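Enquirer: Order-wise, the sequence lines are chains A and H.
With the first sequence counted from 1, adding 5 to any position gets you this note's numbering.
With the second sequence counted from 1, adding 5 to any position gets you this note's numbering.
Wrong hints could be hidden among the right ones.
It does not matter which identical chain is meant; a pair holds if it fits inside one copy or across any two.
No more than 20 angstroms apart at the CA atoms, straight line, and that leaves these computed lysine to aspartate or glutamate pairs for EDC-like [unchecked claim]:
(1) LYS43 - GLU175
(2) LYS43 - GLU301
(3) LYS184 - ASP9
(4) LYS184 - ASP46
(5) LYS184 - GLU248
(6) LYS184 - GLU210
(7) LYS184 - GLU290
(8) LYS184 - ASP199
The hints are simulated quantities; they were obtained by calculation from the structure and are not laboratory data.
Please read all numbers here as calculations on a predicted model, not as lab measurements.
Number of protein chains: 2
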Amino acid sequence: MARDDPAAFRRWAEAARARADFAALGFVGNPLNRAAEKRNDRDFIALALADPGAQILAFHQLAPMFALAGPGHHGSSAELLWLGPTARVLAPRAEPIFLGLDAQARPHFALDFGRRFALGESPLAGLGDFFDLRAAAGRMTSESSAIAGTARALIDWHARHMFCARCGAESQVASAGWKRICPSCEAEHFPRVDPVAIMLAVHGEFCLLGRQARFPPGIFSALAGFVEPGETVEEACQRELFEEAGLRTGAPVALFGQFWPFPSSLMLGLVAPADGMDLVIDREELEDARWFSRAETLAMLAGAGQGFGVPPPMAAAHHLIRIWAENPIG
Amino acid sequence: MARDDPAAFRRWAEAARARADFAALGFVGNPLNRAAEKRNDRDFIALALADPGAQILAFHQLAPMFALAGPGHHGSSAELLWLGPTARVLAPRAEPIFLGLDAQARPHFALDFGRRFALGESPLAGLGDFFDLRAAAGRMTSESSAIAGTARALIDWHARHMFCARCGAESQVASAGWKRICPSCEAEHFPRVDPVAIMLAVHGEFCLLGRQARFPPGIFSALAGFVEPGETVEEACQRELFEEAGLRTGAPVALFGQFWPFPSSLMLGLVAPADGMDLVIDREELEDARWFSRAETLAMLAGAGQGFGVPPPMAAAHHLIRIWAENPIG
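Extracted from the complex, chain A is given alone in its bound form (with noise of 0.2 angstroms):
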């Protein structure tokens, strides 16, 4: 019935989205009031960061400080680790960026330490160190994983747009690091967010997976692509699936999003009805792309797939893959 009947394929996909638990899914739930209107008041920022009660989160090469557990490290949960308003004296010419509030008021921002910053020669050596966003993401709270996320993109947005794109002149940093100004033509730039459509074919009790060289050995997603200029995300997910597994598919249907640091993306999680199984595969974007089945998929969900696997809960591919593979069309 998938194909031939969109409303039936709407309405199974909504009342299987319905059933999701989505607890486990990284970068979404930042807990802070971004406060965005304070952003541009020079005197609101400057006391915030003289506030004894701030928070302040370093990066070193886009990686952002958590706390020492001890040992046992590995496996336990990977807290970050929150310094102090005096940890400014550390990285003196960085520009602080502004992530909002707490529920107590404190305000939080995100410092970077810089390249040439040396832990070790530090006050910080013992503390914490730094770790990778993307390797620690499964450990910490989605909650967590959201404020780091989110200082991540603008620190790395920042590090990338150091200039005009319209004149070439150097940009400055302006509204807490929520904006660059360029000072020759006077342009304002924005971060960016780029969404991305990320998309699961399925037909009868099979669905599509694919798998880049990048990926762990073994390890199967959904596809996914960037929306372009002049697309929805439903025409995006049907362009991206006929360019890299020559598949058309019925109308997709869109069931969660999610934000994801690396660098800046607004993943769109769809699924669509395949008109049939053949594929052409575009192998200058996939190393290979293969139809799975329910029973397949379940067992690589479990972390039982004999050699197969498909991308922890933290990512959007993880609830696509369940939502369907527990959900069986009527």
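Please arrange chain H on chain A, whose structure you already have, making use of the hints.
Expert: For chain H alone, kept in the frame of chain A given last:
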């Protein structure tokens, strides 16, 4: 029920969406096959540009060229004027942007004739004229506005991204207009698409509409704001409603999307059940915001709003308002 039963609100929203007619929504349904895999194929692009069937859409100051319809022009449909491949001689230095192939495999391109082009002195005088796309879109088919919107977004992106944001050097057009490459630092830059949440807060028999000072007199619309790094569309929806109107809401439901080429936004339309009706309006963002009853809203949709109106059917806001107004929450 809306606020106290999120599942029931979602069911209402999904059922209301299923009855909606999006035929008049602008800038969606681009019928061209983008043939993205050909963008880097220089031989293909060179042959396509010389193809006697090639179709060229000319732009001047971001306005596409329309066929002159003769007397009675106003109110009639607006048709894009597609030129043949020889039109390139009129803009010898412009970089053609490859828009894709139509059903007859004819290649379509956009060409920016540049600021100094003088239509009246050109061989095209009398054939067509350049009109603002936003003003003309209501008299175009969605498919035709989608093609012109894609082209406008790309031309505008090039004009505002002549320089490498990473190093400041002048960058170069690549991939038939779908990329810029920096010859100095080799960074690649892709056309930007900004996700925007556009949302209707509803409470009982009322919906919240606002207006900006730049709107035509009496026009009220759904509130909207850019999705920031670190948040989902739903999170952006709730944040914006609080920032701009002081309103807290339950879980928003995303209903549909639209590309909006002014300059390059992915509009994501939501409804959200408001906790109450007290408003704290941000007068920097909004000239006014107020609750409109279902009866008032239906009159505004019908063009009988007694001095009040809503955006036209080409806009996402129109459809959000209509979906709510025509489907009372049970």
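Enquirer: If a hint holds in the structure, say so; if it does not, say that too.
Expert: Outcome of the hint check:
Within a single copy, LYS43 and GLU175 get their C-alpha atoms no closer than 25 angstroms, and across copies no closer than 35 angstroms, so neither meets the 20 angstroms cut-off. Proximity of LYS43 to GLU301 under the C-alpha cut-off of 20 angstroms is found in neither arrangement, the shortest distances being 51 angstroms within a copy and 36 angstroms between copies. When the C-alpha separation of LYS184 and ASP9 is checked against a cutoff of 20 angstroms, the pair qualifies neither within a copy, at 48 angstroms, nor between copies, at 38 angstroms. Within a single copy, LYS184 and ASP46 get their C-alpha atoms as close as 13 angstroms, which meets the 20 angstroms cut-off; across copies the closest is 37 angstroms, which misses it.
Only between protomers do LYS184 and GLU248 lie at most 20 angstroms apart by alpha-carbon distance; the minimum there is 18 angstroms, versus 35 angstroms within a single protomer. In this assembly of identical chains, the alpha carbons of LYS184 and GLU210 never lie at most 20 angstroms apart, being 48 angstroms within a copy and 39 angstroms across copies at closest. In the homo-oligomer, the alpha carbons of LYS184 and GLU290 lie at most 20 angstroms apart only across protomers (17 angstroms), although the nearest pairing inside one protomer, at 33 angstroms, exceeds that limit. For the identical chains of this complex, LYS184 and ASP199 are neighbours both inside a copy (17 angstroms) and across copies (15 angstroms), given an alpha-carbon limit of 20 angstroms.
This entry does not satisfy hints 1, 2, 3 and 6, going by the numbered hints stated previously.
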